[in-house]
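Undergrad: With chain A held as given, fit chain B onto it using these hints.
Chains as they are written, first to last, in this note's numbering: chain A, 1 to 446; chain B, 1001 to 1417.
It should be emphasised that the hints constitute simulated quantities derived from the structure, not laboratory data. Note that CB positions come from ideal geometry on N, CA and C, so glycine has one too. Careful: at least some of the hints might be erroneous.
Unchecked claim - A few chain A positions that, by computed beta-carbon distances, are all more than 12 Å from chain B: (1) S77; (2) V158; (3) Q179.
Said to hold, decoys possible - Some chain A residues near chain B, calculated using beta-carbon distances under 10 Å: (4) L344; (5) D350; (6) A352; (7) V361; (8) P364; (9) L365; (10) R367.
As the list claims (entries may be wrong) - Label pairs and their computed distance ranges (CB to CB): (11) A/V93 / B/D1190: 55 to 61 Å; (12) B/N1171 / A/Y48: 35 to 41 Å; (13) B/T1203 / A/R341: 25 to 31 Å; (14) B/N1171 / A/A38: 52 to 58 Å; (15) B/E1359 / A/I104: 41 to 47 Å; (16) A/N353 / B/D1389: 58 to 64 Å; (17) B/P1021 / A/F412: 58 to 64 Å; (18) B/T1203 / A/E110: 37 to 43 Å; (19) B/P1021 / A/T50: 36 to 42 Å; (20) A/R440 / B/D1022: 41 to 47 Å.
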Amino acid sequence: MSVTSADVRARPERARTRRKPSAGGSKKWVAWAFLAPAAVIIGALIIYPTIDTIAQSFQNESRQFVGVDNYKAITESPRILTAIRNTFIWVVVAPALITGFGLIVAVLTERVSYTTAIRVVLFMPIAISGLAAGVLWRLTYEPDPERGALNVVIGSVVNLVGGPGAYPDATVLPEAPVQETSDGALAARSTVRPGESAEIGLVNVLDEEIPAGATQASEPQASGDSIPVVVWRDFKPGGGEPGVIEEGELGLPGAVVELTDASGEVVATQTTGPDGSVSFSGVGDGPFKAQIAASTFSPGFEGIEWLGSSLVTPALILAFFWMSVGFAVVIIGGGLSALPRDVLEAARVDGANEWQTFRLVTVPLMRPVIGVVFVTLTINVLKIFDLVYVLAPGASQDEANVIGVEMFRTAFSERNFGVGAAVAVLLFILVIPIMALNLRNFRRES
Amino acid sequence: MERVLRGLAEITLEEVAKTFPDGTEAVSSFDLDIADGSLMVLVGPSGCGKTTLLRMVAGLEDITAGQVRIGGKVVNEIPPKDRDIAMVFQNYALYPHMSVYDNIGYGLKLRKVNKRERDRLIRQAARTLGLGDQLLKKPRALSGGQRQRVAMGRAIVRQPEAFLMDEPLSNLDAKLRVQMRTEISRIQRDVQVTTIYVTHDQTEAMTMGDRVAVMKKGELQQVDAPQSLYEHPENLFVAGFIGSPSMNLVEAALDASDGHLFVEFGGTRLHLGHDVRGRRRGIEGYIGRRIILGIRPEDMEDASMVGAAPIDRRMLVTVDVKEAMGSEIYAHFEVDAPPVLTEDTKELAIDAGEEVLEELEEEAGTNWVARLNPRTRAREGGRVELVVDTQNLHFFDAATGAAIYENAQPETPGRAL
Chain A
1 MSVTSADVRA RPERARTRRK PSAGGSKKWV AWAFLAPAAV IIGALIIYPT IDTIAQSFQN
61 ESRQFVGVDN YKAITESPRI LTAIRNTFIW VVVAPALITG FGLIVAVLTE RVSYTTAIRV
121 VLFMPIAISG LAAGVLWRLT YEPDPERGAL NVVIGSVVNL VGGPGAYPDA TVLPEAPVQE
181 TSDGALAARS TVRPGESAEI GLVNVLDEEI PAGATQASEP QASGDSIPVV VWRDFKPGGG
241 EPGVIEEGEL GLPGAVVELT DASGEVVATQ TTGPDGSVSF SGVGDGPFKA QIAASTFSPG
301 FEGIEWLGSS LVTPALILAF FWMSVGFAVV IIGGGLSALP RDVLEAARVD GANEWQTFRL
361 VTVPLMRPVI GVVFVTLTIN VLKIFDLVYV LAPGASQDEA NVIGVEMFRT AFSERNFGVG
421 AAVAVLLFIL VIPIMALNLR NFRRES
Chain B
1001 MERVLRGLAE ITLEEVAKTF PDGTEAVSSF DLDIADGSLM VLVGPSGCGK TTLLRMVAGL
1061 EDITAGQVRI GGKVVNEIPP KDRDIAMVFQ NYALYPHMSV YDNIGYGLKL RKVNKRERDR
1121 LIRQAARTLG LGDQLLKKPR ALSGGQRQRV AMGRAIVRQP EAFLMDEPLS NLDAKLRVQM
1181 RTEISRIQRD VQVTTIYVTH DQTEAMTMGD RVAVMKKGEL QQVDAPQSLY EHPENLFVAG
1241 FIGSPSMNLV EAALDASDGH LFVEFGGTRL HLGHDVRGRR RGIEGYIGRR IILGIRPEDM
1301 EDASMVGAAP IDRRMLVTVD VKEAMGSEIY AHFEVDAPPV LTEDTKELAI DAGEEVLEEL
1361 EEEAGTNWVA RLNPRTRARE GGRVELVVDT QNLHFFDAAT GAAIYENAQP ETPGRAL
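Next comes chain A alone, as it looks inside the complex (with noise of 0.2 Å):
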């Protein structure tokens, strides 16, 4: 290459024509001109308040400075303890969870067609407000297992199993010869031996329980060393006589009765035919005692209480998991197209069987994407509100409590200024490590 002497010359004038409108001083004051209006909203909306906020955290009511005794009322409130505890469960568990998961899924819908589709389905309820899931996700822990989603799901499974008794809300009547053992199924009082039969008069039993093929009931008869045993509906329309079969009142098929020995034990099972009557015979000598099981009387699936004291938290996280599972997936998703192909390929030949190849290839390729979304995920759990305010019923709101939760409701539904701006103070306290943890990822990617 060759420089001519034109280049030579030209460049020194290039310079100071460069140089000219940006003349010493009027610079600097046009940038800080243009950067007033960003340093007034900063200034207003979040250095100010910060500063007001701790300041507050050391003041009473009416704004007197009273020390550490904000601080001290932290450590003195059981809600608030709850409150940290919980807040400690969910960054410990949710963020690791959802991370974990969003990365085997991201590398499973990699293998399949649709993945873009599947993708998107999974992000779509990060589009959906906290307060629009908590609706949505009450609907779903509803306990009733007719109506909650959730419990209609387990309720089904349950009651393929072992579902509820033929007449759960069966009963007899108080002057009846029968009574409740420790189990909770229906025992005739007296024993009986071969050739001696059993009855078992049951109320309370709905229309609509009995089958469409239940026959009259009739007197058992006893005959050689056959224990027949009868249970009926002890009522009909009218009234009728207790303790006594009459015309009109039906036997009650489906109800499994049982023989007992002396010792409790149960030495032979039947299930009652359309008359409600079963025949137990070749069982022995007895004596024995009738009982109709207690399964006849299970209520079946109840229900269970997601969003009861016990189970919240974990509930909410749940919830929480929802909402951020499609966000993990997606980001690692991403990072997981723009890994380099042929070293992947290269562990392969390698002789890394799939396995090996997620752990000790793409995870550790992975780990600055996987660093970004588990570190956004714990400060999104930290700063969780909206999910645990609307989705916890008031009945478990102080067990479900967390940080964010506890701020608000000591400072603007209690009015107590002081605590509230403590908590927040608590919070923020604990934000500054994962927030300086993620700067320095990003630091490090630049």
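TA: Chain B in isolation, oriented as in the chain A frame:
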């Protein structure tokens, strides 16, 4: 490196084909035998399917049809990790989060080689490649050449049945490429592992391969030792692809008078002696027909540099550009005859660049290169008389592009060029 006793690891491809889901046929009915311990180069323009073929051998690509056998065993359904092959990738594909040491040792670790043995093998491989001081560095701290060595190290340390190399030198600068070329050849000879080496660079192909397979559009054109490919190309494509600068081609007429055979193009008339006719009896069948004539650049010389140059084997040309290479001079000139436009030459032009193809289609004359003695007095723009070594002329059927050696091909009147 020590040579571990093992069975013969020849690689056999039998009617191997690859059709991608979108219907593109990358490789069609490909047959190739690679002898145990030899280095086979797959060469061809980009997009000719050579990398796809290599990836099928590696197991990274499904085989649509045919069979791949390594050491006699059909591997079609065997995953890459169980094929006992090592691959060197174009971009090296080093594990960025591992040190050089771990990069080299990763395959051994996965194969559960114990730690002491692993350490010994890694250090041995590193020594072979001159990486002894770099073992603790991460790949990003290495230069291109060092990364290339690590990629090689990763392959040799495992002592696999076969090496598969996918354009391993294409990301290096020219000087390093020449150096690594020699080094890879040396290592391959030392360890004697069956190797498939894919490249689009015919120089690499010529210098490295025991045998070279030339591919075009997923089809095998010719497999042979490098020198044989150069001297006896089977068709126009191989003739044009192998050799740098490439063979000069022109459409010429073959005629006989008084029992003498002449080949004529663009105002030049060359006499073909009996020796030529004896070795290429096939051309007798082309007398009076159009053929394609090929002349290697080194088969032309400034007539004034040659004592007693026969008068009937000369051509008079005007030098357009003169490139001094030191030991020789490339003289570019134009021959007054339209360029040869067949499917083969078009494919070659595309490989050289789309513009070249456009030029080729517009041009009235054909650009040739002669490799002359550096002491030639030829000047740019000056006229020079070249003497042609007619013994080494190449002839091709104008319709099929097949080289003419023994037998004439029947004329196909329907097909004009």
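Undergrad: A separate judgement is required for each hint: does it hold in the structure or not?
TA: Hints, verified against the model:
No beta-carbon of chain B is positioned within 12 Å of the beta-carbon of A/S77; the least distance is around 47 Å. No Cβ of chain B comes within 12 Å of the Cβ of A/V158; the nearest lies about 43 Å off, and the non-interface call holds. No Cβ of chain B comes within 12 Å of the Cβ of A/Q179; the nearest lies about 69 Å off, and the non-interface call holds. Taking 10 Å as the C-beta cut-off, the interface hint given for A/L344 holds, the closest approach to chain B being about 8 Å.
The interface hint given for A/D350 holds, since its Cβ lies 4 Å from the closest Cβ of chain B, which is under the 10 Å cut-off. With a cut of 10 Å, the hint placing A/A352 at the interface with chain B holds, because the nearest CB-to-CB distance is about 5 Å. Checking A/V361 against chain B by beta carbon gives a least distance of about 6 Å; that is within 10 Å, so the hint holds. The closest approach between the C-beta of A/P364 and any C-beta of chain B is roughly 4 Å, which is under the 10 Å cut-off, so the hint is satisfied.
Look at A/L365: its Cβ gets to within about 6 Å of chain B, closer than 10 Å, so that hint holds up. Nearest Cβ of chain B to the Cβ of A/R367: about 8 Å, under the 10 Å cut. The hint holds. For A/V93 and B/D1190, the Cβ-Cβ distance of about 56 Å falls inside the hinted range of 55 to 61 Å, so the restraint holds. With their beta carbons about 56 Å apart, B/N1171 and A/Y48 fall outside the hinted range of 35 to 41 Å.
For the hinted restraint 25 to 31 Å between B/T1203 and A/R341, the CB-CB distance of approximately 28 Å keeps it satisfied. Distance hint check for B/N1171 and A/A38: the Cβ-Cβ separation is about 46 Å, which falls outside the suggested range of 52 to 58 Å. The supplied range of 41 to 47 Å is broken by B/E1359 and A/I104, whose beta-carbon atoms lie about 55 Å from each other. Take A/N353 and B/D1389: their Cβ atoms lie about 59 Å apart, and the range 58 to 64 Å holds.
Here the CB-CB span from B/P1021 to A/F412 is close to 60 Å, well matched to the stated 58 to 64 Å. B/T1203 and A/E110 have their C-beta atoms about 40 Å apart, which keeps the hinted 37 to 43 Å range intact. Against the hinted window of 36 to 42 Å, the Cβ-Cβ separation of B/P1021 and A/T50 comes to about 57 Å, which falls outside the hint. Between A/R440 and B/D1022 the beta carbons are some 45 Å apart, a value that agrees with the proposed interval 41 to 47 Å.
This entry does not satisfy hints 12, 14, 15, 19, going by the numbered hints stated previously.
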